[in-house]
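Enquirer: Sequence:
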Amino acid sequence: MIQTIRNAWKIPELRKKILFTIFALLIFRLGSAVPVPFVDTETLGTYLNSMDNTIFGMINAMSGGAFATATVFALGVQPYINSSIIIQLLTVAIPALERLQKEGGEEGRKKIAAITRYTTVGIALIQGFGYYTLLNVGYNGQSLLELGGMNEIWAAIVIVLSFTAGSAFVMWLGEQITEFGIGNGISIILFAGIVSRVPSMVATMWAGVQASFLESPAEGTFVLPWWGAVLIVIGMLAIVVLIVFISNAERRLPVQYAKRMVGRKMYGGQSSHIPMKVNMSGVMPIIFAQSIASLPATIAMFVPSAQTEGSGWNTFLEIFDTTSVLYCVIYFLLILGFSYFYSTMQFNPIEVANNLKKNGGFIPGFRPGKPTADFIQKVLSKITLFGAIYLSIIAIAPIVTQNLIGVQNLAIGGTSIIIVVSVALETVKAMEAQMLMRHYKGFLE
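Per this note's numbering, the sequence shown runs over residues 26 to 470.
What the hints contain is simulated information worked out from the structure, not anything from laboratory work.
Label pairs and their calculated CB-CB ranges: (1) F205 - D399: 45 to 55 Å; (2) W252 - F194: 36 to 46 Å; (3) N428 - Q371: 32 to 42 Å; (4) P389 - V354: 39 to 49 Å; (5) W252 - A118: 48 to 58 Å.
In silico DSS-like pairs for lysine-lysine, Cα to Cα no more than 30 Å straight-line: (6) K407 - K395; (7) K127 - K407; (8) K454 - K41; (9) K127 - K302; (10) K454 - K135; (11) K454 - K42; (12) K135 - K42; (13) K383 - K136; (14) K403 - K127; (15) K407 - K302; (16) K135 - K302; (17) K407 - K383; (18) K302 - K382; (19) K302 - K403; (20) K395 - K383; (21) K382 - K407; (22) K135 - K383.
Glycine is no exception: its CB is placed at the ideal position from the N, C-alpha and C atoms.
All chains, full assembly: derive it from the sequences and hints.
Expert: Below is the structure:
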């Protein structure tokens, strides 16, 4: 592998792409360390780090911890991801956008990309204002803003615009990486944000293992038994192997094309297949399910009585705690539902069957038209169920592991692992394609 990296570095064009990607990621990490003005970042960090089980915890994990410190890039790529999802759903619902995507060609794709960018800025403005409201409400009734005599309205404008500009810049940076770097820029930025939390997680685990050997650790000290650390490492490695296997798994439906005469030439007669990915919906069902399942905990965090033992809100919070059995059941059902929803949005059996019929193709054993569409729908339902169960295992495994070792404050997200492994595979394949063009052996051999 070292020799392969050397060969990749010897290619001038590929070397420039690698250096550009590294430079762009350095800029991203620099912006993730620059806080916006008028914010008490220390108190904010303490407040948001206690909300790991809420929506804010998920956003903080995706931004690499920038959200908890109110940096310029605190919103990260979340507005762009939300915008892309919204436009993708609207493309199915609105005929004009669907025609623009399918029949507009390159010009249509540019228009949809422009609409996505404008939507990103709008979502960033809304999220930036929501973040400012969170800062203004504060922690235990105390505002987290440090105005220093500054007018409150002016401070609000500066904070909201700083978050919005940072999100727009991250979107632009991702597009530059896609064009001049290696792989998908937005995915790589998301990858960098998640990986940046790994050193702190390792340090936390190491400190917890050291504390477990003390006879009487101080109250409130994080304690992790050595066998718990070993279980976590083995579990993460097993999850990585499972993700790699499922990411490359697909169901291939055989397709036969009928022979036909065009002039004096015979066309068709060859065999092909329709590849159907086992995990067709990617990580999106987990993100949607986690957002909805964590809503009760998020709402309860803003209710002061939720922290009082025996109160109604405290009981409600305990029932929907992210380590409870009820939460796991709801989480599983939501992942199952969103997996079917998202696979239906991405893959249309009727459209595939019609395209096969138009091109003279058919699946052996099934007549063209409705029988073919029904068969494809049946296969889609089966592999979607398998993919949903796989996603549920990845999402719930960290919760089960934390309960087994008796640790509740060690954040290891199945979503983050899926994103990191998937982006790594995607980037390696992109580099592999670049190297194969120059007859070099690649990483995947």
